Amino acid sequence: DAKTTQPPSMDCAEGRAANLPCNHSTISGNEYVYWYRQIHSQGPQYIIHGLKNNETNEMASLIITEDRKSSTLILPHATLRDTAVYYCIVRAFGSSNTGKLIFGQGTTLQVKP
Amino acid sequence: GAGVSQSPSNKVTEKGKDVELRCDPISGHTALYWYRQSLGQGLEFLIYFQGNSAPDKSGLPSDRFSAERTGGSVSTLTIQRTQQEDSAVYLCASSLDSRTGINEQFFGPGTRLTVL
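Order-wise, the sequence lines are chains E and B.
Here the working numbering is used: the first residue of the first sequence is 1, the next is one more, and so on.
Here the working numbering is used: the first residue of the second sequence is 1, the next is one more, and so on.
Hints were generated in silico from the structure; no laboratory data involved.
Quick caveat, the model's predicted, so the values are computed rather than measured.
Treat each hint with caution, since some may be false.
Among chain E residues calculated to face chain B with C-beta under 7 Å, some are [unchecked claim]:
no., residue
1, Pro44
2, Phe93
3, Gln105
If you want the footprint, here are the derived chain B segments under chain E, 3+ residues with CB under 8 Å [said to hold, decoys possible]:
no., segment
4, 17–25
5, 79–85
We treat Cβ as the ideally placed atom computed from N, Cα and C, and that holds for glycine.
Excised from the complex, chain B in its bound form (with noise of 0.2 Å):
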């Protein structure tokens, strides 16, 4: 079956603009999150929805970014007033209820932003 896609693959935009990434989770996958990869960086976890609420948004780095999540499927992280240092791969998995079992994660491709 179809896995998490995330639309575009590549962005690139200059500094100032705001920027708006998809993610199409599993279908029946009520949890869904994002993480972002910065170049020399880790994995860091940005959000977590689940269903349509995101009870930890504890990730996202400021107030300029947001994201959210319709009919308990699609997401969109946007990205207001994008600086330099937004550049990475955004990445957004999704997964069965995480709070009723040992869920894996499945990952989409990412989306990488660059910021001119």
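With the rest of the complex left out, here is chain E (with noise of 0.2 Å):
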């Protein structure tokens, strides 16, 4: 699975938007960019996964740029609630993918009131 590349730590403005950025370069053809979150003293959350589409859900927005190197996590509305270290996770499927998470070491994002 593809490496990927997050700065360590952000801060963002209660009620602004976060924009998480995320690097994977050596992205293949087959794999998918994934972004799970980590609250503090809980497990990982799935938030959003997207192949070369930009992709949108209840919690936030996948934007991946055109050549797919790199993509941004959007939370649009920031809440303190969503304070966490954020992962992106690049993953190939199929039958011979385990399906297994390679985590790095994520951004902390910190909203401040």
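Using the hints, put the two chains back together into the complex; each one sits in its own frame.
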């Protein structure tokens, strides 16, 4: 699975959009971009995933560049409860893949009042 | 519905003792994963089950670690002769069949293991 690079930390004002970048320059054609987050003392929580098109759900939006070498997770109106470590993960799917997640160090997002 | 549950939530043991950690996945989830998170370390994969079989054990750090899954449901992670470096939060996750779809993993709250 491709490696990802994320900034170690970011701050965001409450109510503003949080934009979390991720670089995955070695991504392969069959690999998806996944985002999870881990709030303090809890297990990771799935947020969103995408292949090449932009995706949106009730939690966030995912913008993937045309060359797929980077992506941005957008939390449109960050709240204090969004303070967490955000993990960008790239992985392939298929009968030969186990689906295991390889976590990097992630980005610690601090939402401030 | 019920999520992934793990027990115990906390476990303190003495060096050299054996411990068993339990995971109850979401009903109907055939894939089950164990991860651990050490202080200052990221989350690392330990083992993957599909049904009762473990096709990927590549993350188990030593032969003191083993895991089993019975009835395609409950899984137990066993650590023999615990060492202080085994202290960590052990997380379990489950999902629908990971081979047939892009299925998200649901994580349990974890078991915090402290080896004195």
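Output the numbers, in ascending order, of every earlier hint that fails for this structure.
Violated: hints 4, 5.
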